[in-house]
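Residues per chain are reported as follows:
Protein chains: 2
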Amino acid sequence: MFGSTKQCSCKMLIQIQHKLKQLIAKQTTRACSLKFKHDLSDSLEERKYENEQYDETDSEITFRFKDLTTKLCEPEQLRTKPDVTDLKFGHYFTDHMLKIFYHSKLGGWQRPVIIPFENISLHPAAKVLHYAVELFEGLKAYRGVDDKIRVFRPDLNMGRMNKSALSSGLPTFDGHELIKCINRLVEVDQEWVPHSESSSLYIRPTLIGIDGTLGVQQSESALLYVIICPVGSYFNGNDDSVSLLADPAYTRAWPGGCGDKKLGSNYGPTIRVHNRAIQKGRQQVLWLYGPNHEITEMGTMNMFVAYRNEFGEKVLATPPLSGLILPGITRQSILQLCEQWKDVRVEQRTITMDDVIKWQKAGRLLEMFGSGTACIVTPINSIEYLGEIINIPTIEHKEPLYLKVRESLHAIQYGHIKHPWAQTID
Amino acid sequence: MFGSTKQCSCKMLIQIQHKLKQLIAKQTTRACSLKFKHDLSDSLEERKYENEQYDETDSEITFRFKDLTTKLCEPEQLRTKPDVTDLKFGHYFTDHMLKIFYHSKLGGWQRPVIIPFENISLHPAAKVLHYAVELFEGLKAYRGVDDKIRVFRPDLNMGRMNKSALSSGLPTFDGHELIKCINRLVEVDQEWVPHSESSSLYIRPTLIGIDGTLGVQQSESALLYVIICPVGSYFNGNDDSVSLLADPAYTRAWPGGCGDKKLGSNYGPTIRVHNRAIQKGRQQVLWLYGPNHEITEMGTMNMFVAYRNEFGEKVLATPPLSGLILPGITRQSILQLCEQWKDVRVEQRTITMDDVIKWQKAGRLLEMFGSGTACIVTPINSIEYLGEIINIPTIEHKEPLYLKVRESLHAIQYGHIKHPWAQTID
Numbered sequence: 001m002f003g004s005t006k007q008c009s010c011k012m013l014i015q016i017q018h019k020l021k022q023l024i025a026k027q028t029t030r031a032c033s034l035k036f037k038h039d040l041s042d043s044l045e046e047r048k049y050e051n052e053q054y055d056e057t058d059s060e061i062t063f064r065f066k067d068l069t070t071k072l073c074e075p076e077q078l079r080t081k082p083d084v085t086d087l088k089f090g091h092y093f094t095d096h097m098l099k100i101f102y103h104s105k106l107g108g109w110q111r112p113v114i115i116p117f118e119n120i121s122l123h124p125a126a127k128v129l130h131y132a133v134e135l136f137e138g139l140k141a142y143r144g145v146d147d148k149i150r151v152f153r154p155d156l157n158m159g160r161m162n163k164s165a166l167s168s169g170l171p172t173f174d175g176h177e178l179i180k181c182i183n184r185l186v187e188v189d190q191e192w193v194p195h196s197e198s199s200s201l202y203i204r205p206t207l208i209g210i211d212g213t214l215g216v217q218q219s220e221s222a223l224l225y226v227i228i229c230p231v232g233s234y235f236n237g238n239d240d241s242v243s244l245l246a247d248p249a250y251t252r253a254w255p256g257g258c259g260d261k262k263l264g265s266n267y268g269p270t271i272r273v274h275n276r277a278i279q280k281g282r283q284q285v286l287w288l289y290g291p292n293h294e295i296t297e298m299g300t301m302n303m304f305v306a307y308r309n310e311f312g313e314k315v316l317a318t319p320p321l322s323g324l325i326l327p328g329i330t331r332q333s334i335l336q337l338c339e340q341w342k343d344v345r346v347e348q349r350t351i352t353m354d355d356v357i358k359w360q361k362a363g364r365l366l367e368m369f370g371s372g373t374a375c376i377v378t379p380i381n382s383i384e385y386l387g388e389i390i391n392i393p394t395i396e397h398k399e400p401l402y403l404k405v406r407e408s409l410h411a412i413q414y415g416h417i418k419h420p421w422a423q424t425i426d
Numbered sequence: 001m002f003g004s005t006k007q008c009s010c011k012m013l014i015q016i017q018h019k020l021k022q023l024i025a026k027q028t029t030r031a032c033s034l035k036f037k038h039d040l041s042d043s044l045e046e047r048k049y050e051n052e053q054y055d056e057t058d059s060e061i062t063f064r065f066k067d068l069t070t071k072l073c074e075p076e077q078l079r080t081k082p083d084v085t086d087l088k089f090g091h092y093f094t095d096h097m098l099k100i101f102y103h104s105k106l107g108g109w110q111r112p113v114i115i116p117f118e119n120i121s122l123h124p125a126a127k128v129l130h131y132a133v134e135l136f137e138g139l140k141a142y143r144g145v146d147d148k149i150r151v152f153r154p155d156l157n158m159g160r161m162n163k164s165a166l167s168s169g170l171p172t173f174d175g176h177e178l179i180k181c182i183n184r185l186v187e188v189d190q191e192w193v194p195h196s197e198s199s200s201l202y203i204r205p206t207l208i209g210i211d212g213t214l215g216v217q218q219s220e221s222a223l224l225y226v227i228i229c230p231v232g233s234y235f236n237g238n239d240d241s242v243s244l245l246a247d248p249a250y251t252r253a254w255p256g257g258c259g260d261k262k263l264g265s266n267y268g269p270t271i272r273v274h275n276r277a278i279q280k281g282r283q284q285v286l287w288l289y290g291p292n293h294e295i296t297e298m299g300t301m302n303m304f305v306a307y308r309n310e311f312g313e314k315v316l317a318t319p320p321l322s323g324l325i326l327p328g329i330t331r332q333s334i335l336q337l338c339e340q341w342k343d344v345r346v347e348q349r350t351i352t353m354d355d356v357i358k359w360q361k362a363g364r365l366l367e368m369f370g371s372g373t374a375c376i377v378t379p380i381n382s383i384e385y386l387g388e389i390i391n392i393p394t395i396e397h398k399e400p401l402y403l404k405v406r407e408s409l410h411a412i413q414y415g416h417i418k419h420p421w422a423q424t425i426d
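Listed in order, the protein sequences are those of chains A and B. Under the UniProt record's numbering, the residue at position 328 of the first sequence is numbered 328, and the numbers go up by one with no gaps. Under the UniProt record's numbering, the residue at position 115 of the second sequence is numbered 115, and the numbers go up by one with no gaps.
So here's chain A without its partners, still in its complex pose (with noise of 0.2 Å):
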C-alpha cells in the first residue's frame, strides 16, 4: 500500500481513488471479500514502487517531501463526501491525512506519511493534553474556474508556524517541504475540493508535543499533522453581517505574551468570553486592550475600520503588528491590495473605541470589518460598548470597501484572474 511520492503521479492515485469507490458502489458483498481483492489486484500492483534513499543528516532539521509515503484508504474506508450546501465548519474531513514525527532521540524529524483519516492515540501525560504545547495554522485550496486547485500564500502559513513552534519548544521544519506534501495530500483527497465558489477545502496544520512525561519542558517529541475539510461560510444566515459585544473587562493577549502566534493557548480562554456575548445577543467578541480601550481583534480575525478623516480622505486602518494581534495572511493581502488601489489611504494605527465613536457622530464612521482565512471578510453591523449599541454602516453603503476587498480575494482565490498570491498544486 506504499508507494514513493515522487514518481507515483497523484492523476493515477485519483484514478484508484475512483475505481475504489466506484467497486465500492458495485459491491453488495463486504470490501474484504475474495471477489474484491482481485477486483483490486491491478491497481495495488500499480503503486508499489522502491522509496528513494533516505538522507539521514539534515533530519534533525527538517522532514522531506521526497521521503513522503502514502498509504491509500481500503474502499471500505472512503467517506461520502457531504452536499455543498451542508458545508458547517470543520464538520467534514477528507478521506485521507499527513503525519509527520519528530523524535529528538531518533535524531530529529520522520518521514512524513499520508495515511488514512485517523485517530490519534497520545499517551495521557502528552504535553499537549496538559500544558497547551500546540499550535496550528489554517489556509485553504480552491477550485478555480479552469478546475484548478490553487492554494492561497501558503509559504506565508509556513513562516508563522516556524514562528508559533519557536515560541512553543517545539521544532522547527522547512515551510517548503510542508507545503509540497500538503498539496500532495491535497491531490490525494481532491475530489474532496468543492466544485463550488462559494466553498473551499480547509486545510489545518498542527503541531503538537507529545513527550509522555508530566513537567513543564520542552518536547522531545512532536507529531505535524495536517487534516483537511471542505468548508462553506464560517457563520451561518444569509445576512454575514455580525454584532460584537466590546466588554473592556476581558483581555485577549498582552505585551510580552503570546497574542502573535497563532498558539491553541490564544484559543480555549476566549471561549467563556465568546459565550457572554452570545447571551447578550451578541455574535463575536470585539477584543479590546488597555486603558484606552484599544481594538485588537474580533472573534478570531483581524480588525478594518473604514472612516474619513478630518481632511475628507477616505482611510482604511487596522491594528499595527504590535504583538497583541495576530499577523493575518488575510489581514496583509488586504493592506497590500488596498495600498495598489490608490483610491483608499492605508493605515496601520491605534484605533482606540473613541475614535470609533467620534467618527461614527461625525457621520465619518464608513465601515468595519473582520478578516481571516475561515470566513475572509465578515462585516460588521453593530457593537455593544459600556451599555450602549453603536450601529456601524458597514453594509450599508453602495458599493462597500469590505465587498470590493472579497470580491478581488475571490478573483485571485478561484483563478478568475491569475496572481502569484494562489499557487496551483501540480
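Do not rely on the hints blindly, as some may be mistaken.
For identical chains, the list gives no copy identity; a pair is met inside one copy or between any two copies.
Straight line, CA to CA, 30 Å or less: simulated DSS-like cross-link-like pairs of lysine-lysine [claimed, not checked]: (1) Lys-358 - Lys-418; (2) Lys-88 - Lys-105; (3) Lys-163 - Lys-280; (4) Lys-280 - Lys-361; (5) Lys-105 - Lys-280; (6) Lys-71 - Lys-148; (7) Lys-314 - Lys-99; (8) Lys-148 - Lys-280; (9) Lys-404 - Lys-99; (10) Lys-280 - Lys-81.
Think of the hints as simulated: they come from the structure by calculation, not from any bench.
Guided by the hints, dock chain B onto chain A, whose structure is given.
What follows is chain B alone, placed relative to chain A:
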C-alpha cells in the same frame, strides 16, 4: 472484568493484583496460556458483581462514584515499579487510570471507569489539540508513618478544577464524587504509593474538550481522566535552592485573562521564557507584571517573601489573589499555618522588585521561596534582574521560616500529626 465498586472492597482488588503478579513471576509461558487462565479463574469469579441501579436523572450535572466500574490489568500489563531513589517527576505512571466521558448528546456525564493505563485516542480535530480546551489539577497522596495513605486537601483542588472548567466551556461536576473515584484509583494502585517520606504519589486529574470539529466553541464532548505517578523531588540535585531570572519583557498573566485558573494555556507559552532563563544560567523564571515590576509567580509556583519591616517586625508576604496568580493550595495552607503560629506577621500584598531591592540593601530581606504541590516549598538563592544579581539569603539562616513551613506540612502529610487537611483514603 468489571465489578461494582461499592461492594467490591479494594483490599480484595489488591489481593487479586498481588496474586496476578505472583502468577506472572511463576509463569514461563505467556499470560494468555490456558494454564494461566485456569489459575486466575477463582479471582476473576470474585469480581463479578452486579452494577447498582444507574440514576440517569443527574448525569448532566455530575457523574457518581456509585456508578464506577473497575477493570483491572491483565497480569502481563502490570508495570515494574521504579526504585524510590530514581523517581524523576512525572516519568513513571501506575498500572491504572480513571476515565469519565461527557457527551451532552448522551445526557451528559457517563459512568466513571478505572481501566488499565492506556493511550488516549482522539479525533484529529479534537478541540484540546487545536484550541487548548484543557485544564488540570495536581494533588498528592502520601504514605504515612502508620502506613495509611492520605490525600492533602483534595476538596480545594476540586473547587479550583470546577472554576477552571467554567472558564473553558467544559462541564462541571460534583467534586466529592471525583474525590471518591480518585481515592478508589489510589487504592487500586496503592502499592505504587512510595514507602518513603521523601516521595509521594502525584495525582493528575485532567479535563479536555474532545469534540471532533474545528471552530472555537463550547465543548459538547469532554473527557475527564486521572493518571497517577510516584514522584520524588520536582527539582534534581541536592541543594534544592534555585536561582531565578526576572525579565520584565515577559508576562505570564494579565487582568481580564485566565492567569488564576489552572488551564493548559497558562503553561505552554512559558516554555520559551523558561528556556531563556536556562540559557542565561538561571533555573527558573520569576514572573513580573506591570510598570512597577510586581512579583507574581515563579516557574509554576506561588511566591513568598519574608522580611523585617521598618518596625523590626518579621513579615511573610505573598501577592494577593488579584486574578494574576494561581490560588495555590500550598499557598493557602502556608498562610493559614503562619497565621496560627503568630510569630510572623502575614500579609497578602503587592511586592515590587523595588521592594525586594530596598529590603535587601537595608539588610531586612530574610527569605524568598516558592510554593506548590509538586515541590511543596522551594527556597530561592538569587535573582537576576535588569543585568544585576540580587542574592537572597534564604538558606543562610539558622531556623529559616521556609524549613519550618516545609516540616510542618510534611508532618501533616505523612501523618506525624493528626490534621484535618490530610484525609485518609479509606
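For this session: Against the earlier hints, flag every one the structure doesn't satisfy and list their numbers going up.
Result: 1, 7, 8, 9 and 10
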